[in-house]
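Heads up, the sequence shown is in my numbering, so the first residue is 206 and it goes up one at a time.
Hints listed in this document are in silico derivations from the structure and should not be mistaken for laboratory results. Just so it is clear, CB atoms sit at the ideal spot from N, CA and C, and this is done for glycine as well. Any given hint might turn out to be false.
[What the hints assert, rightly or not] If you anchor each label on the Cβ, the simulated ranges turn out as follows:
| hint | residue 1 | residue 2 | range |
| --- | --- | --- | --- |
| 1 | Asp553 | Gln592 | 51 to 61 Å |
| 2 | Pro441 | Gly372 | 50 to 60 Å |
| 3 | Ala274 | Gly468 | 23 to 33 Å |
| 4 | Gly468 | Arg291 | 51 to 61 Å |
| 5 | Thr555 | Lys341 | 40 to 50 Å |
| 6 | Gly368 | Thr555 | 43 to 53 Å |
| 7 | Glu570 | Arg519 | 22 to 32 Å |
| 8 | Phe406 | Gly372 | 12 to 22 Å |
| 9 | Arg389 | Gly458 | 28 to 38 Å |
| 10 | Ala539 | Ala274 | 26 to 36 Å |
| 11 | Trp344 | Ala465 | 42 to 52 Å |
| 12 | Pro441 | Ala274 | 45 to 55 Å |
[What the hints assert, rightly or not] Calculated lysine to aspartate or glutamate pairs in the DMTMM-like style (CA-CA distance at most 25 Å, straight line):
| hint | residue 1 | residue 2 |
| --- | --- | --- |
| 13 | Lys350 | Asp530 |
| 14 | Lys288 | Asp257 |
| 15 | Lys350 | Glu584 |
| 16 | Lys459 | Asp410 |
| 17 | Lys350 | Glu588 |
| 18 | Lys350 | Asp331 |
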Amino acid sequence: MTRVDSDVVTHRPLIAHVIYRLDVGGLENGLVNIINRTPAERYRHAIISLTDVSEFQQRITRDDVPCIALHKRPGNDLGMLWKLWRIFRELRPAIVHSRNLAAMEAQLPAWLAGVPCRIHGEHGRDIFDLDGTSRKYRWVRRLYKPLVHRYVALSQELNDYLGDQVGVAESRLRLICNGVDVERFRPRGGECREAVLPQGFADQDSLLIGSVGRLEAVKDQLTLVRAFKELCRQRPDDSRLRLVLVGDGSLRGKVEELVAHEGMQDRVWLAGSREDVPRLLSALDVFVLPSLAEGISNTILEAMACGLPVVATRVGGNEELLCEDETGFLVPRADPLAMAAALLNYVDHTALRTAHGAAARTRVEDTFSIARMVSRYLEVYDELYRQRCLKSGGQRRKGREVPGLNKP
């Protein structure tokens, strides 16, 4: 096995991506897309999960990407900083890229380990800071700010927050929206959708409203169930209406209880976590994102790529994705009546569903391609790497061989 200097561009510098958990989710999906589509001769990758690594890692198509689970204990775990320092000293990455506040603590051991390029990404809000008003979280970000060379914000709202509230200089900010694979996510065409649905749940005449997301408080599927109940109340004779919820999480029990309480078991399907999301999305007629907070939603983009009109809450970057009354409708968060009213437009007007869905597909193709997203990330990596690793006179930081990563 040949020893490879991780900082020599011709020998593929290593990027260590630090996340809280490698599991089904928009952040994780975007990370996997970047890794899979980065030219193999440009960069190597490693994923460090502070908690666990799930079967989601199987979506990585490259065979040279280690996924390391550190099994962080709940709350403050000072031992985690020591583990991260040791890993960075062993891997000798040229770049460490942490994502969201939960993984930002990796910036300290990265600095102590002498990692030359340090990047942090902000992908969205969490349930404890829906509007970015938490003074505690703002000060935590300010505390780590001197350690970070570049920030990546996935929406203009997050970009403005980092600049205005955290005090990050504009020169250190990069705005990169998510991208979607328009070949993997595409309209249904002539495929029979009943094949992907439970037997007897729906037919070709049914009108399927659906959502994809973790069943967690911040995704707020409970509001969507209540909106669907209101929709059925307003159209009691419309037997076409069905609701599909794709995803799993800690709120599944509460969602099931609400569905049963409203007597809608025959109209609502909780599909759980699935590997065939593209087929499920293309089986829908309308997509809904009821989240309390978002960055730039992968699932909205995937639904738009499938030619679906979208009803989404007016939070985070959703306004940057949807064109009001052109590709969908925006509604206040946690407002089932407003959501039901927006859905009623699509229930009553087939032509509107078709027109908005076609416009959504066109918008994704023109503006949110996955190739454009990957290109923007590579620009950030290349720029910072040239500035901090390829020093004048050919000086560079020596790296160590990493077993399993370096090719003969």
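Here's how the hints hold up against the structure:
no., hint, result
1, Asp553 x Gln592: 51 to 61 Å, "holds, 56 Å"
2, Pro441 x Gly372: 50 to 60 Å, "holds, 55 Å"
3, Ala274 x Gly468: 23 to 33 Å, "violated, 42 Å"
4, Gly468 x Arg291: 51 to 61 Å, "holds, 56 Å"
5, Thr555 x Lys341: 40 to 50 Å, "holds, 49 Å"
6, Gly368 x Thr555: 43 to 53 Å, "holds, 44 Å"
7, Glu570 x Arg519: 22 to 32 Å, "holds, 24 Å"
8, Phe406 x Gly372: 12 to 22 Å, "violated, 52 Å"
9, Arg389 x Gly458: 28 to 38 Å, "holds, 32 Å"
10, Ala539 x Ala274: 26 to 36 Å, "holds, 34 Å"
11, Trp344 x Ala465: 42 to 52 Å, "holds, 44 Å"
12, Pro441 x Ala274: 45 to 55 Å, "holds, 50 Å"
13, Lys350 x Asp530, "violated, 40 Å"
14, Lys288 x Asp257, "holds, 14 Å"
15, Lys350 x Glu584, "holds, 21 Å"
16, Lys459 x Asp410, "violated, 30 Å"
17, Lys350 x Glu588, "holds, 19 Å"
18, Lys350 x Asp331, "holds, 20 Å"
Checked against the numbered hints given earlier, this structure breaks hints 3, 8, 13 and 16; the rest are met.
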